[in-house]
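Visitor: The primary structure of each chain is shown beneath.
There are 8 protein chains.
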Amino acid sequence: MDIDEILSKVQKGQLDLESAKQELKSTSFLNLGFARLDTSRKLRQGCAEVVFCQNKSDDHLLEIYKQIYQSEGEVLGTRANLHQASLIQEHIPQAIFDSHSGILKIEKENKAHKGLIAVCSAGTADIKVAEECAQTAEFFGSCVKRFYDIGVSGLHRLLSALPEIEKANCVVAIAGMEGALGTVIGGLVSSPVICVPTSVGYGANFKGLSALLTMLNSCANGVCTVNIDNGYGAGYLAHQINRQSKNF
Amino acid sequence: MDIDEILSKVQKGQLDLESAKQELKSTSFLNLGFARLDTSRKLRQGCAEVVFCQNKSDDHLLEIYKQIYQSEGEVLGTRANLHQASLIQEHIPQAIFDSHSGILKIEKENKAHKGLIAVCSAGTADIKVAEECAQTAEFFGSCVKRFYDIGVSGLHRLLSALPEIEKANCVVAIAGMEGALGTVIGGLVSSPVICVPTSVGYGANFKGLSALLTMLNSCANGVCTVNIDNGYGAGYLAHQINRQSKNF
Amino acid sequence: MDIDEILSKVQKGQLDLESAKQELKSTSFLNLGFARLDTSRKLRQGCAEVVFCQNKSDDHLLEIYKQIYQSEGEVLGTRANLHQASLIQEHIPQAIFDSHSGILKIEKENKAHKGLIAVCSAGTADIKVAEECAQTAEFFGSCVKRFYDIGVSGLHRLLSALPEIEKANCVVAIAGMEGALGTVIGGLVSSPVICVPTSVGYGANFKGLSALLTMLNSCANGVCTVNIDNGYGAGYLAHQINRQSKNF
Amino acid sequence: MDIDEILSKVQKGQLDLESAKQELKSTSFLNLGFARLDTSRKLRQGCAEVVFCQNKSDDHLLEIYKQIYQSEGEVLGTRANLHQASLIQEHIPQAIFDSHSGILKIEKENKAHKGLIAVCSAGTADIKVAEECAQTAEFFGSCVKRFYDIGVSGLHRLLSALPEIEKANCVVAIAGMEGALGTVIGGLVSSPVICVPTSVGYGANFKGLSALLTMLNSCANGVCTVNIDNGYGAGYLAHQINRQSKNF
Amino acid sequence: MDIDEILSKVQKGQLDLESAKQELKSTSFLNLGFARLDTSRKLRQGCAEVVFCQNKSDDHLLEIYKQIYQSEGEVLGTRANLHQASLIQEHIPQAIFDSHSGILKIEKENKAHKGLIAVCSAGTADIKVAEECAQTAEFFGSCVKRFYDIGVSGLHRLLSALPEIEKANCVVAIAGMEGALGTVIGGLVSSPVICVPTSVGYGANFKGLSALLTMLNSCANGVCTVNIDNGYGAGYLAHQINRQSKNF
Amino acid sequence: MDIDEILSKVQKGQLDLESAKQELKSTSFLNLGFARLDTSRKLRQGCAEVVFCQNKSDDHLLEIYKQIYQSEGEVLGTRANLHQASLIQEHIPQAIFDSHSGILKIEKENKAHKGLIAVCSAGTADIKVAEECAQTAEFFGSCVKRFYDIGVSGLHRLLSALPEIEKANCVVAIAGMEGALGTVIGGLVSSPVICVPTSVGYGANFKGLSALLTMLNSCANGVCTVNIDNGYGAGYLAHQINRQSKNF
Amino acid sequence: MDIDEILSKVQKGQLDLESAKQELKSTSFLNLGFARLDTSRKLRQGCAEVVFCQNKSDDHLLEIYKQIYQSEGEVLGTRANLHQASLIQEHIPQAIFDSHSGILKIEKENKAHKGLIAVCSAGTADIKVAEECAQTAEFFGSCVKRFYDIGVSGLHRLLSALPEIEKANCVVAIAGMEGALGTVIGGLVSSPVICVPTSVGYGANFKGLSALLTMLNSCANGVCTVNIDNGYGAGYLAHQINRQSKNF
Amino acid sequence: MDIDEILSKVQKGQLDLESAKQELKSTSFLNLGFARLDTSRKLRQGCAEVVFCQNKSDDHLLEIYKQIYQSEGEVLGTRANLHQASLIQEHIPQAIFDSHSGILKIEKENKAHKGLIAVCSAGTADIKVAEECAQTAEFFGSCVKRFYDIGVSGLHRLLSALPEIEKANCVVAIAGMEGALGTVIGGLVSSPVICVPTSVGYGANFKGLSALLTMLNSCANGVCTVNIDNGYGAGYLAHQINRQSKNF
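Chains as they are written, first to last, in the numbering used here: chain A, 5 to 252; chain B, 5 to 252; chain C, 5 to 252; chain D, 5 to 252; chain E, 5 to 252; chain F, 5 to 252; chain G, 5 to 252; chain H, 5 to 252.
Be a bit skeptical, because a hint or two may be false.
[Unchecked claim] Label-pair distances were calculated between CB atoms; the ranges are:
1) Asn-251/B <-> Cys-147/C: 19 to 29 Å
2) Leu-86/G <-> Leu-86/D: 49 to 59 Å
3) Asn-85/C <-> Ala-116/E: 19 to 29 Å
4) Cys-147/B <-> Lys-16/E: 46 to 56 Å
5) Leu-47/E <-> Ser-75/A: 55 to 65 Å
6) Glu-170/D <-> His-117/C: 22 to 32 Å
7) Glu-76/C <-> Asp-62/E: 51 to 61 Å
8) Gly-37/G <-> His-87/F: 21 to 31 Å
9) Glu-94/F <-> Asn-35/C: 51 to 61 Å
10) Asp-63/F <-> Glu-76/C: 50 to 60 Å
11) His-117/C <-> Asn-251/B: 17 to 27 Å
12) Glu-78/C <-> Ser-75/A: 38 to 48 Å
13) Ser-103/B <-> Gly-77/A: 53 to 63 Å
14) Gln-93/D <-> Asp-102/B: 24 to 34 Å
Note that these hints are calculated values from the structure, not bench results.
Everything numeric in this text was worked out from a predicted model, so none of it was measured.
Just so you know, even glycine gets a beta-carbon here, dropped at the ideal spot from N, CA and C.
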């Protein structure tokens, strides 16, 4: 029931006051004790809750996967490890694990992928983050093209891919070290560019701080930044932009 | 001429090789000596070059305004001061200056404003940045609604404005101090949320670092961040997302 | 003997000068050589010394537990590991270890729990710190209610719990990542709010710095902050506030 | 009207649905356009909204003072300057300005001051922050005693004042430079200690960072920290703790 | 084909337009799917692409070594570990691994080493970085002399080596801790000095930040700095300077 | 009266208990209301309290100078400005102000200067801090020799002065920018070296952080560091070391 | 006299021991009391001492200019202001001041400029630093070409200038904000690239830190970095590299 | 031979010029290839070179111990581990290892310990650093008294030990967390106080940064600071101060 329905039932005398107050508050999550699953998120935001697997205990993780699977018919989890994958697959055999990106998911069949997102990465070490991004956007229904190892130390690699990148509704630029890829792409395309700094590098990289500051200070227009290594966040946002675009 | 045309002319013998090489490179900017105006930017990215007025010398600034006005028929400048406004208005009387946002512009008449962007700010001190954002998006043709002073210390102010905010193709959340506004809005709406940390605050705010980190680490989905106080960048990106949305 | 007694005995000739000087200094701690147990702390501050187990050598830890147990009849230890728990339990079988919070304690029976403290955490990963906080306050005699996984990305979960949270004499808000929970609660309740930033997160979280700065810069009134992951400190302070409140 | 009343009127047919929805949202703040005064704050949190004067434009500030004065009969403003004081006093002659603390207030007469808060500062340069703290707590109705220049480089000054400090329901420890005062007091008293780092110092003080980290890492129990130079926040919180204490 | 050739063929009708566009872009790298080898780098910059082995997967690493070996006849890899060395040596037996520097290379025989580079290190713990530097420069054809353990705490060790150091076309100064070596050498020689801060040290060294800042702020003339522990970068740059010097 | 006397008087019945307690606490400072002068400091530490003039109000400063002058017959003040100097000189004409170091003092005549301290500075911009150091040590009775502009970019300048520097009981090394002077001197002399980082420099100097970290991480033995620009602290400590040395 | 001469004179009995020791140390600088001019620097390093004017007192500055002019016949000063320029020009009329770069110099006539250095800057606001760099290198005898406003947000501007840049013996890349210019140039040319981060920008630029980290972490080969805004240092080093190059 | 002897021999014709130059440079260290032992350090600074064992390879470590043992008859090594201890003891059976402090030494018998140094630590976790400090000073011949676990959270423990601490020629204050011990001791004693911040703590301690800043900003006189966890450096400096004191 939404707020209109609840008030309407109150007006008609079909709902007493105390129940109405409870209803207003309790319909939208599932209290597991250790966690409160946000079951109204899909209604509110268009995508169901995603599981951040890292550091979750086995019993908690399993319970959460079961609950979401039951209510949504599919589950997307990120930053899972091999042990967690085995655990879930034991109970939900159709779960699929990609060790490189850490994505552990159960996905509905024959999902359509629409629009276009370009996921670009500077080096091979950034692929892990790039895949988390790409697979997240694909899970939600976006079509994704990957452009890997096109960092600016060999600029012709990027320029060669540019015509394809320009077709996307949203571009994701993923880079560690000095993170210049975001700015260079930002100056060349007309669609929004989401920058993902990665922790790839050493020394004065300070675990991604260098790339993060680069991207935040970009002299190019139409760029924004998410947290270091946050492929998931970039994929989610890229999907949001893509799904509301004209050619989706 | 674009690359196709140039190559075509070469094939037809209408252009010699050396000229073609130069053509490929020189058509797209105007070399003023002290600056190289990116005259191909509108073609490439959809919006003409914007003038960052701060610290520019008087003669440089005037020359740049004149050149852009001549080629585009309008100019958008940011971070201008009163002195610069007088200077430009002396030579281009139709220039308009908004001292609060620092926007100094010459704008074509009867511009249509389409789609919808919601510009939200946490406190009154954030209005300066919010106006830079709103007026930038409006200059490029977006329709903007402002929601000021809806910070989370009085949550009901935000909740009251929520139904209107939810209608936007893109939401901008502008906040200093602890910057929680971005996360709270990000958890409530389904469209992309661009967070702008401001330098409003003192002490452990460290000139906006606090709000910046808050926004980068947001636990909400569908949010991204631009540089501290970068209202312009947020307005530009919001316009990009808005203009490619279905209901633009 | 306190200073009054000592001076009184000196006046009456019952204590010579040198002894008096020593007495003034030596009555209040127990010198174990490697450590000086602050045996006068309970008298001075209302709670006996608590053992910070981390990095203590086995013989030191055991000796300290024995001494405090002998003088106080109960011991509270924090940040203990499994090995340390086994060691202490071998010699003091009634010791109880909670592996999640790291609390290793021997507690008097039938302890009353009075007043009310609300311990709130944003995500499931923050539960470890939340339990250190809750169990500390309970050990000292406070009544604690737990509200876990009520982070602001799903605001209705928090609003639903609000009526119960408002009843507490003191609220503890525990959150990692962007740490917005403290501010949002701070704007909604009238009792003091103790914020505990946690190191939960990654990237620009910088091991809790993000949540720490958020909480220090909170735009809400009536909030304060303790060290990152310092559940113990928050629990102690919450108990102090609770125990001196009218309805304790 | 609170939520119960509104629902009750809906049930009785005295309020139509759309009006009810608006009522739920709009009763609790006053939209001035540039600001939304949180008029329900006193009801919600026990103290009316306080004005942070710094950087507010003259017309905004005056309008806010007038509105709060009208609804509350008194106004507390912080970080005001001499110009702002003159402006307000011109329109509201009974306004009182303390140039040292920056407090600009209109206060009801014959206000009772109850309980006890001890405001301690390490050096004379910290008095500015200390007064902001003390006068805030006094405005809300707390009794405050001041102990200034009792920094730990001359420990006997603190020890001499200790018996009086120990009587307070809450102690505020204000210090810049190395900020050790908070820890030393925290180890000596049994009531909660609120630490306020100040920006007093130079060099590796880094504008208060040094004192802030000292206070966050305090080895003493029962201490918490607020933002650098945040005397207001400490005074507010101290009043909250004091007002709910048994001997208030 | 370079741009001249391509345009020439277009002019002569030997190449159609679409093919010409592709040719312009695709000739200069080898797309392995997961990586795009920059095969035109030697032509463009004078040295072939170097393999940064760290964190590369086995199959990726092997494929990259094979491809570069095939096209260049030799391969230089840095930051390899023992496992990676075994892997490569199994397939390319002539690969040589130096466990101290992490250099894993296949090198053409009878390579001449010309000019002179002086590689100086402050302490024995810096040798690892110094060898990465020295062996990189040697691989590209520079003659290198090593001066190890000449840190400024025993200044006579440096002064004794000075006459030999002065003969080099380029000096590399490698130091951790306080990193003063770069400044002292910079004040004594007339050739360019490349400073390499190392992460050797502890505490306020902050993993090399101390030495990095020292070197960036050097009061000596003619010094520059590369990333912390970046022996490779310094060796590459030293070779560039050496190879274009008169006495190379 | 010291503690022995007080207890003795109590034993003999010459002092009642309450008076004794007060006596123990109140003899050692002078409560001016806004400040508590530490009048027992000379007895306790060998040097009377020194006035940190910066930011003190006129009436406070004057009162403090008068009180210390009355009790000690001389006053040392640091970081005074021209206005403060005029103020004090108006009331205490024999006060002497050195605008370069900011020292404002009234000094007893014919003071002996014993032992030897060497105050070394790297550049001319460091002289301000160096003079604060030198004049502080001289005020307390140490003999000081100055060695200015001997920075390591011209090492022979330092080596030339070395024989004289080696004669000192304590060496102070004052340097900004990269701050290498402390380490180089530390490796050459056998007496303790106090390093003073200065804020001289720009860019990655970060207001003295660079020199501070250099000095803290020095690879030389026998060096310690004080706060950035803290010439006073170094002068005080150098005097302490000098005064207890055999040849003082 | 150099060391050989001195020892030779000692051997021949033409110099007594004590004089020889002094001679070894004192020939190479001029002690002005407040400064020790490094008169042997030209001999030792190839370029005479340069005057850093900032913060120097008038009398010191004038004395230094006079002394260097007398011994060298020309003087290069950096970071001078208008007042200092007037002062010097009053006494040395042939002194020339460039207010934009802050260069204040007296230069020998008909100086030859050899080799080639390319000085590139990203934006117009970086010109100040770029001119300090270019004019420094020119003073020492290098030929310099300037390429201004070629930042990567409009990549075609850089690509257009590339053929000319490639001809230089050394390239200087000057950029603020995100500082990507250094990496992009570094990936395109074969000569050494000196990166100069500038403090141009705002917010998370942190006064040049962003550009500094970008440049230090560059994924391109053959790049090094100097301090933020250090145009002088880059110009000096570029000249060193240029002067020892084959085509100088 | 010192410089006097060498010059004298040259004068007498007993030494030719080239040999003299070499002699001047080579007498004072022993070149092991991988290291240059500073054999003249004892002559120059009063203490022989100490071995920093951490990260040294086995063969290097053994060779260094052997060489120093041969020339000095004793060796002091710090930060050794168990493996290194076994290695050295196998070849030099009289070597003694203290696993707590990491000291691995061979020491001459019947060494006298003179003067007095007070080594104070705040908590039991700081003992590791405190022992490195104490044993270093003892090795060089100082008499050391230890005062452990006297942190300021229980101030009476420190006050009780004060009379003994006051007798020392030099006090070392070792503390982690908030590091207030240094300031409190600094305000109570008249001898120099060397502060050693330790990395003991968590969260906003930032691996010792908190205690380091506290100590650098101490409001007490006569204190200085060494690097985080640098017990060795403090012990060395304390010995220097002690050995030149009157009562040594």
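Visitor: Could you run down the list of hints and mark each one as holding or not?
Guide: Now the hints, each set against the structure:
Our hint of 19 to 29 Å for Asn-251/B and Cys-147/C is violated, since their Cβ atoms are close to 53 Å apart. Evaluation of the 49 to 59 Å hint for Leu-86/G and Leu-86/D yields a failure: the beta carbon distance comes to about 34 Å. Between Asn-85/C and Ala-116/E the beta carbons are some 60 Å apart, a value that contradicts the proposed interval 19 to 29 Å. With their beta carbons about 55 Å apart, Cys-147/B and Lys-16/E fall inside the hinted range of 46 to 56 Å.
Checked against the given bound of 55 to 65 Å, the beta carbons of Leu-47/E and Ser-75/A, roughly 59 Å apart, stay inside it. Range check, Glu-170/D to His-117/C: Cβ separation about 27 Å, and the 22 to 32 Å hint holds. About 59 Å separates the C-beta atoms of Glu-76/C and Asp-62/E, a value consistent with the hinted range of 51 to 61 Å. Under the hint 21 to 31 Å, the C-beta atoms of Gly-37/G and His-87/F, about 29 Å apart, fit the expected range.
As the Cβ distance of Glu-94/F to Asn-35/C is approximately 56 Å, the hint placing it in 51 to 61 Å holds. Taking 50 to 60 Å as the suggested C-beta distance range, the pair Asp-63/F and Glu-76/C conforms, at roughly 52 Å. In this structure, His-117/C and Asn-251/B break the distance hint of 17 to 27 Å, their C-beta atoms being roughly 56 Å apart. Between Glu-78/C and Ser-75/A the beta carbon distance is about 46 Å. The supplied range of 38 to 48 Å therefore holds.
Distance hint check for Ser-103/B and Gly-77/A: the Cβ-Cβ separation is about 56 Å, which falls inside the suggested range of 53 to 63 Å. One distance hint, 24 to 34 Å for the beta-carbon pair Gln-93/D and Asp-102/B, holds here, with the actual separation near 31 Å.
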